[in-house]
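A.B. asks: Going down the list, the protein sequences come from chains V and A. Our numbering numbers the first residue of the first sequence as 5 and each following residue consecutively. Our numbering numbers the first residue of the second sequence as 19 and each following residue consecutively.
To be clear, the hints were calculated from the coordinates, so they are not data collected in a lab. Don't take each hint at face value.
Within a straight-line C-alpha distance of at most 20 Å, the following computed SDA-like cross-link-like pairs (lysine to any residue) qualify [said to hold, decoys possible]: (1) K96/V <-> A76/A; (2) K27/V <-> F129/A; (3) K96/V <-> P75/A; (4) K101/V <-> I157/V; (5) K93/V <-> K168/V; (6) K132/A <-> T22/V; (7) K101/V <-> W79/A; (8) K55/V <-> F158/A; (9) K132/A <-> M142/A; (10) K27/V <-> K132/A; (11) K132/A <-> L30/V; (12) K93/V <-> P75/A; (13) K55/V <-> S156/A; (14) K132/A <-> L29/V; (15) K132/A <-> A33/V; (16) K128/A <-> L30/V; (17) K128/A <-> K101/V; (18) K128/A <-> K168/V; (19) K55/V <-> V154/A; (20) K27/V <-> D130/A; (21) K132/A <-> G23/V; (22) K96/V <-> K128/A; (23) K27/V <-> P75/A.
Label-pair restraints from in silico Cβ distances [as the list claims (entries may be wrong)]: (24) L114/A <-> G212/V: 27 to 37 Å; (25) F129/A <-> P211/V: 44 to 54 Å; (26) S74/A <-> G206/V: 38 to 48 Å; (27) D99/A <-> Y120/V: 22 to 32 Å; (28) L57/V <-> W79/A: 40 to 50 Å.
Here the structure is a predicted model, which is why all the values come from computation and not from measurement. C-beta: ideal position from N, C-alpha, C; glycine also.
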Amino acid sequence: MSNQDVTIQHGEEIKNSTGVSNKKLLMWAFLGSDVMFFGTFIGTFMAYRNKSLNGPYPSDTLDIPITSISTFVLLMSSLGVVLALHYLKESKMVLAKLWLILVIIMGMIFMGFQVYEFSHFAHIGMTPQANLFGSTFFTLTSLHGAHVSLGIIWLIFLLYNEYKGNLTSENAIDLELAGLYWHFVDIVWIIIFALLYLITAGDGVPPGGLPWIAGQ
Amino acid sequence: MSILKDLFHYNGNGWWRIPKTSESKTNPQYEHPFGKFAGMSKDFWTFITSGKGHASPAYYWAIAIILGLITMIEVWWFDVDELRYLLVPAMLFFSLVKFILVVAFFMHLKFDNKLYSTIFVTCMVIGVFIFSLFLVLSAFHGLGN
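Isolated chain A, as found in the complex (with noise of 0.2 Å):
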């Protein structure tokens, strides 16, 4: 009995009382998993959208530099020939990647009306099916030759 006793209790409390607090009490800053870290991603992502959920020049400058830096990377993954073998993957991921950071940001189309994206995607579709038949054709009729 002693030892339930001292296996739940606790100095006459329960161990397992969850304590209550009040509800006006507003929460501690910062109380979740990713602590302090998520707080300040959170706070960057105000001063760039300038709290209004929108691009500001801040974050234009911020995708900018983006850009520019995956240009840079692809000029030089290009002069690295170790890393030809994977050169048309490479290029095909990093222009992927510039597309859909212009097309999402520059051009507001993450903001936007979704009917633009349809409208955009579809002929999209249409375009990269066009590219792939053409590519197919020289693979299996050797056009060209």
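Isolated chain V (complex conformation) (with noise of 0.2 Å):
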């Protein structure tokens, strides 16, 4: 093939010889070294669950309805990206704008979730430096926020592209990128979501640990 191949996919025209677009061939080899990045964190943490000898322990700190509150709005914001994908290709602006800013707003509630979850976390004396749980929760939970972070400037720097009619479906590709990364960001979280609030939410003190009051 040379290189002047055109090949035409999902409505884009990509002019290379391997018949993929490179801009997405890249998010995707980013999100694979993602997903690893992310394995060895949660890995950590599953192999020195249930290992910390003082508390505060899982049963003590993690509140599962609200976890799964901002659980949920995580999730929905995956479905506003894909349709503010969905109407920027038809280039139904104004249902794409809408989307995009509910996608926004609703990054920020979830990260808002966190925020209060640590601050709280904190108050009660978990901290990073309390113990093992301590440790690997906050430092998977904190990256996973600076995720979600990042997340949400790449989408408001799109936003602001789309007010300036920058970002038109001719370019959608640019929103997909960020899509892409934000299903990512939630997938991820599904699975956090799974092993370090439901799952570890039931450890108690374990053999050999020490009982921990609030306050001590």
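Take the two lone chains, each set in its own frame, and fit them into one complex as the hints suggest.
C.D. replies: Shown next as structure tokens:
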């Protein structure tokens, strides 16, 4: 194949010999590397699960109802991104902007929940220095939070471009890439919610561990 | 002879003679094993994909509702003490289903070029391997003790 080859994929014209969008290929490669990145941190968390000999323990700290709401908000933000992209590709700019704004708001709500959760944990004495659970929990959830924050900044930047008229159906790939990143952040949270919260929340004092009293 | 005639013929026509139909005649609607249900499913699929085999807003909403419902089931399961012994496999299963739904449909991996799937799945396998390695190290070498 020559470099003059033109392929049409999902309405996007691709002019290269691979037949796939270079930007999208790079994004998938990045997401693949991020899977391994999060894989190590989730693996570390699970390996150190129930190994803290002093409190606070997961059963003393984790609040499932609140985290369920934030999980639901993040899931719905993923819906918002695909709808924004769909309407952008169809040049329905008002709907595209509306959904993009909603996604940014939902991302901020999720971060608000995380800030509330972290401050509550710090208040009851669960900090990264407290024990193994605190160290691994804060490392993983903070890294995820950093990803969400970066995603919000990216989406705000795209929204600004959309208002300026620089983001149209012609270059919808830019929003598609941000969308892929946002969905990835969502799937990482799906795993974190199941492993760090739902499975771990029942863990109390392990054998040989010291009982913990709030405010100790 | 009369018995044979009765067995193989009816009113002068052979019992086993398959009636010929005109080729130009269209098949009756819903004439297949699942009858009307399969036809309705096909109609629904055409509706949610705008008839293009690609996702439409209705399709995305359907996926989002499924994701929301699975999350509700997860939280319900967590709250039921009688089901606590199955918590770990159930949560792993539900999170896997949600993961696949988001990756395949929201991230378009199902409809997109196979090269993207290959890259992502390869990294996923390595990621799961690293994850499993930590757990094995933890189990056999007392990591963290």
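A.B. asks: Evaluate each hint against the coordinates.
C.D. replies: Status of the hints after comparison with the structure:
no., hint, in the structure
1, K96/V <-> A76/A, "holds, 16 Å"
2, K27/V <-> F129/A, "holds, 17 Å"
3, K96/V <-> P75/A, "holds, 13 Å"
4, K101/V <-> I157/V, "holds, 15 Å"
5, K93/V <-> K168/V, "holds, 17 Å"
6, K132/A <-> T22/V, "holds, 12 Å"
7, K101/V <-> W79/A, "holds, 18 Å"
8, K55/V <-> F158/A, "holds, 14 Å"
9, K132/A <-> M142/A, "holds, 15 Å"
10, K27/V <-> K132/A, "holds, 16 Å"
11, K132/A <-> L30/V, "holds, 14 Å"
12, K93/V <-> P75/A, "holds, 12 Å"
13, K55/V <-> S156/A, "holds, 10 Å"
14, K132/A <-> L29/V, "holds, 11 Å"
15, K132/A <-> A33/V, "holds, 13 Å"
16, K128/A <-> L30/V, "holds, 18 Å"
17, K128/A <-> K101/V, "violated, 26 Å"
18, K128/A <-> K168/V, "violated, 33 Å"
19, K55/V <-> V154/A, "holds, 15 Å"
20, K27/V <-> D130/A, "holds, 14 Å"
21, K132/A <-> G23/V, "holds, 11 Å"
22, K96/V <-> K128/A, "violated, 25 Å"
23, K27/V <-> P75/A, "violated, 25 Å"
24, L114/A <-> G212/V: 27 to 37 Å, "holds, 34 Å"
25, F129/A <-> P211/V: 44 to 54 Å, "holds, 50 Å"
26, S74/A <-> G206/V: 38 to 48 Å, "holds, 41 Å"
27, D99/A <-> Y120/V: 22 to 32 Å, "holds, 28 Å"
28, L57/V <-> W79/A: 40 to 50 Å, "holds, 48 Å"
Checked against the numbered hints above, the structure breaks hints 17, 18, 22, 23 and satisfies the rest.
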